[in-house]
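Chains as they are written, first to last, in our numbering: chain C, 1 to 275; chain P, 276 to 680.
Note that these hints are calculated values from the structure, not bench results. Glycine included, each C-beta is placed from N, C-alpha and C at the ideal position. Hints should not be assumed to be uniformly reliable.
Here are the in silico distance ranges between beta carbons for each label pair [what the hints assert, rightly or not]:
| no. | chain 1 | residue 1 | chain 2 | residue 2 | range |
| --- | --- | --- | --- | --- | --- |
| 1 | C | T233 | P | D343 | 36 to 46 Å |
| 2 | C | P124 | P | Q417 | 20 to 30 Å |
| 3 | P | N431 | C | G192 | 34 to 44 Å |
| 4 | P | I545 | C | A79 | 54 to 64 Å |
| 5 | P | I545 | C | K184 | 55 to 65 Å |
| 6 | P | A527 | C | T233 | 55 to 65 Å |
| 7 | C | K245 | P | S535 | 36 to 46 Å |
| 8 | P | Q417 | C | T233 | 50 to 60 Å |
| 9 | P | N431 | C | P124 | 16 to 26 Å |
| 10 | C | A79 | P | L502 | 27 to 37 Å |
| 11 | C | T166 | P | D343 | 33 to 43 Å |
When the alpha-carbon atoms are kept at most 25 Å apart in a straight line, the in silico BS3-like pairs for lysine-lysine are as follows [as the list claims (entries may be wrong)]:
| no. | chain 1 | residue 1 | chain 2 | residue 2 |
| --- | --- | --- | --- | --- |
| 12 | C | K249 | P | K348 |
| 13 | P | K418 | C | K131 |
| 14 | P | K348 | C | K245 |
| 15 | C | K125 | C | K106 |
| 16 | P | K418 | C | K106 |
Residues of chain C placed beyond 10 Å of chain P at every Cβ, according to the derived structure [unchecked claim]:
| no. | residue |
| --- | --- |
| 17 | A187 |
| 18 | D197 |
| 19 | H200 |
| 20 | D266 |
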Amino acid sequence: MNDYIRKIISGKRKVGSKHVHSFGRRAILIFLPLAIFILLGAHPVRGETLTADDILNKVDDLYRGTSSYGMMTMEVVTAHWKRTLSLEFWSKGKDKSLIRILSPLKEKGTATLRAGNEIWNYLPKVNRVIKLPSSMMSASWMGSHFTNDDLVKESRFTDDYSCQITFQGPRKGENIIELSCIPKPDAPVVWGKVAIDVRHSDYLPIVMHYYDEKLRPARDMTFSQFKKMSGRTLPAVLTLVPIDKPQEKTVVIYDKITFDLSLNDDVFSIRNLQK
Amino acid sequence: MGLLRISWRNLWRNRRRTAITMAAVALNAIILITTYSLMDGMLRQTVLNATELVTGEAQIHSPGYLSDRSIYKTLENPQAILQTLREQSISAAPRAYGYGLVSRGTKSAGALFWGVQPEREKTTFDLPTHLAEGSFLSPNPQKGIVLGKKLARSLNARLGAEIVLLVQAADGSLGNELFTVTGILKSVGEGIDRNAAIIHLEDYRHLFVLPAGVHEIAVNTGGRVSLDKLSAILPRLVPDSEVKTWRQLLPALSDMLQLSGASMSLFGAIFFAAAGLGVMNTMLMTTYERSHEFGLLKALGTSPWRIVRDVAFEAWLMAAVSTVFAVILGVAATLALQEYGLDTSALAGETTIAGVVFDPVWRAALSIEAVAAPVVIMWIVCVLAALYPAAMSARLDPVKSMHRV
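Build out the structure end to end from the sequences listed, making use of the hints.
Now the structure itself:
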């Protein structure tokens with residue numbers, strides 16, 4: 001968090017606002033269970049030839065109007081510390097989610113509510129709810145390598161990016177399709193390019209490479225441990241590595257996930273946030 | 276002492292012309308004296324604002340801290356460093372920094388937290404008294420917080436308001452605490468106004484889980500030790516550190532001061548040239564009128580050198596008399612400007628240049644240099660300006676010049 005806040009304060013980084021959307025950040029949303037569900041729920045029709053946009057749109061379409069609940073473990077490794085958090089999460093639709101920290105004890109009960117473009121944090125120690133300022137959107141979420149904006153993204157990425165299939169065939173022992181996405185002119189995004197490798201067999205993502213405006217690699221997100229959860233095949237582990245600090249990483253492990261529950265909107269209220 | 280008497284008499288042959296020239300020379304000198312004093316006052320005030328308020332004359336950091344401001348790049352054992360400095364009679368204050376979030380109600384903003392020792396800040400710097408409202412932190416950690424002016428405004432925080440602090444601690448955990456606003460700073464500079472949140476060092480250690488070490492030791496001797504000496508001895512006293520003087524820490528300000536020095540010289544040159552031309556004109560006229568006289572002197576065997584000397588002496592005498600008045604009036608004006616100052620608030624309000632606040636009341640600073648330099652240079656300019664008419668007179672042909680009469 002320090003890095004990001006410092007950059008914001010010093011003005012070296014674009015200040016995030018609700019208008020700044022990016023497929024990159026939004027793609028990270030994947031780490032939210034529902035986004036995962038989308039990607040994983042994309043059942044390819046055998047024998048059908050899909051274009052890049054088809055693949056990504058399927059993902060988007062499946063993403064909308066679903067709900068999820070689950071538990072996950074987040075491991076954050078930096079040059080100076082390593083910590084593991086247990087998290088419980090709920091999500092509904094494309095713009096509501098709630099994440100609560102179960103452990104460690106110091107942060108137990110700390111919760112993040114995302115409602116539309118706003119992020120609220122509940123701090124049990126001081127019993128206060130604080131709204132994240134829009135200038136903090138690109139700051140780290142809970143000390144991880146994910147940003148707050150990664151949680152908030154909701155526009156379709158085919159709206160912001162032109163995607164092409166740039167490679168098909170075996171790579172690292174897997175038959176893959178590589179999609180390269182370049183932001184459209186005037187698209188309000190922060191990444192210069194996003195390259196996604198998906199499995200040819202079921203279009204599940206394997207790795208996403210993010211590039212900055214100067215097309216230098218910025219961060220890699222790797223998907224692994226594909227397994228069946230709640231009736232769907234999902235990558236249970238997501239690993240985010242910042243390219244400039246290869247010794248650091250954030251690993252998200254889905255311990256349990258359930259889809260399509262009936263969740264009341266009250267779950268995503270500030271009142272519930274404080275419980 | 277015939278020379279003085281003759282010159283004096285010659286000067287007053289045409290009273291009006293000499294008086295006007297002397298008035299012009301005196302006015303130029305008065306303007307230069309007061310302007311230099313005003314500039315000097317501003318420069319001194321600026322340096323004081325820059326160093327006494329918060330920056331200090333020099334700062335000690337862990338190597339590389341200034342480039343990335345990492346919370347992990349600390350000076351270990353600040354107490355030992357402070358003790359060493361105290362033995363050299365160097366006053367200093369330790370500070371620890373960290374970024375985070377401050378929030379009140381639905382308002383929140385990013386902030387740079389300063390962990391300070393209030394007593395040391397008070398004895399070393401002016402910041403603890405530079406408050407628009409309230410008071411500085413108490414000597415004991417009581418979860419009080421002093422906010423920058425704009426930060427307080429953006430949080431809509433008044434004195435006594437409860438503020439939530441949310442930070443990423445050094446161990447990666449989330450630090451959060453409730454603090455109470457005890458003071459709000461006056462405008463200091465854009466950076467501090469917008470994001471400074473000052474807390475007690477002990478509160479800082481608790482919040483950021485940083486049990487030891489600080490990020491900065493700011494040194495302020497109030498001018499007792501020169502910058503050169505400080506930058507020479509500090510690295511020896513504190514090994515494994517990076518020492519920077521305020522000129523390096525505030526390069527924009529340092530450059531600005533040098534630039535204003537240069538522009539003052541240019542400004543002065545114009546005034547000296549104007550005064551010099553006035554003197555040259557007067558001397559040309561007087562020598563022209565007296566060409567028959569110089570011709571006669573030469574016919575009587577006066578050497579050209581002596582004529583040059585006489586004319587140059589007249590010019591100096593004129594300059595000397597003018598500058599006596601100039602010094603009296605200039606010093607009086609400067610003393611008035613030093614006492615009452617120019618209130619520029621109606622024109623500019625509170626001005627910030629290179630992150631340093633300028634007092635809206637602009638005061639002059641009287642110094643020997645600011646008075647002596649214009650006087651001496653004015654003398655030199657007047658004498659130089661008289662050399663041309665003097666040389667003309669010295670080269671006169673005695674026969675021709677006397678014939679003309």
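- [ ] Take a quick look at whether K125 of chain C and K106 of chain C sit within 25 Å of each other, Cα to Cα.
- [x] 8 Å, holds
Task: Satisfaction of the hinted span 55 to 65 Å by the C-beta atoms belonging to I545 of chain P and K184 of chain C - done: 59 Å, holds
Task: Distance restraint hint 27 to 37 Å, applied to the beta-carbon atoms of A79 of chain C and L502 of chain P - done: Given range 27 to 37 Å: holds, Cβ gap about 36 Å.
Task: Least C-beta distance from H200 of chain C to chain P larger than 10 Å - done: 39 Å, holds
Open item on the list: Need the status of pair K418 of chain P, K106 of chain C: alpha-carbon distance at most 25 Å?
Closed with: 19 Å, holds
- [ ] Confirm or reject the claim that N431 of chain P and P124 of chain C have a C-beta distance inside 16 to 26 Å.
- [x] 25 Å, holds
Open item on the list: Quick check: does the Cβ-Cβ distance between P124 of chain C and Q417 of chain P fall within 20 to 30 Å?
Closed with: With Cβ atoms ~23 Å apart, the hint holds.
Open item on the list: Against the range 50 to 60 Å, how does the distance between the Cβ atoms of Q417 of chain P and T233 of chain C compare: consistent or not?
Closed with: 57 Å, holds
Open item on the list: Looking only at beta-carbon atoms, does the pair K245 of chain C, S535 of chain P fall within the given range of 36 to 46 Å?
Closed with: 44 Å, holds
Task: 25 Å limit on alpha-carbon distance, applied to hinted pair K249 of chain C and K348 of chain P - done: 21 Å, holds
TODO: Decide, holds or violated, for the assertion that all CB atoms of chain P are farther than 10 Å from the CB of D266 of chain C.
DONE: 20 Å, holds
Task: Satisfaction of hint between K245 of chain C and K348 of chain P, Cα-Cα up to 25 Å - done: Satisfied, since the Cα-Cα distance of roughly 17 Å is no more than 25 Å.
In summary, the structure agrees with every hint in the numbered list given earlier.
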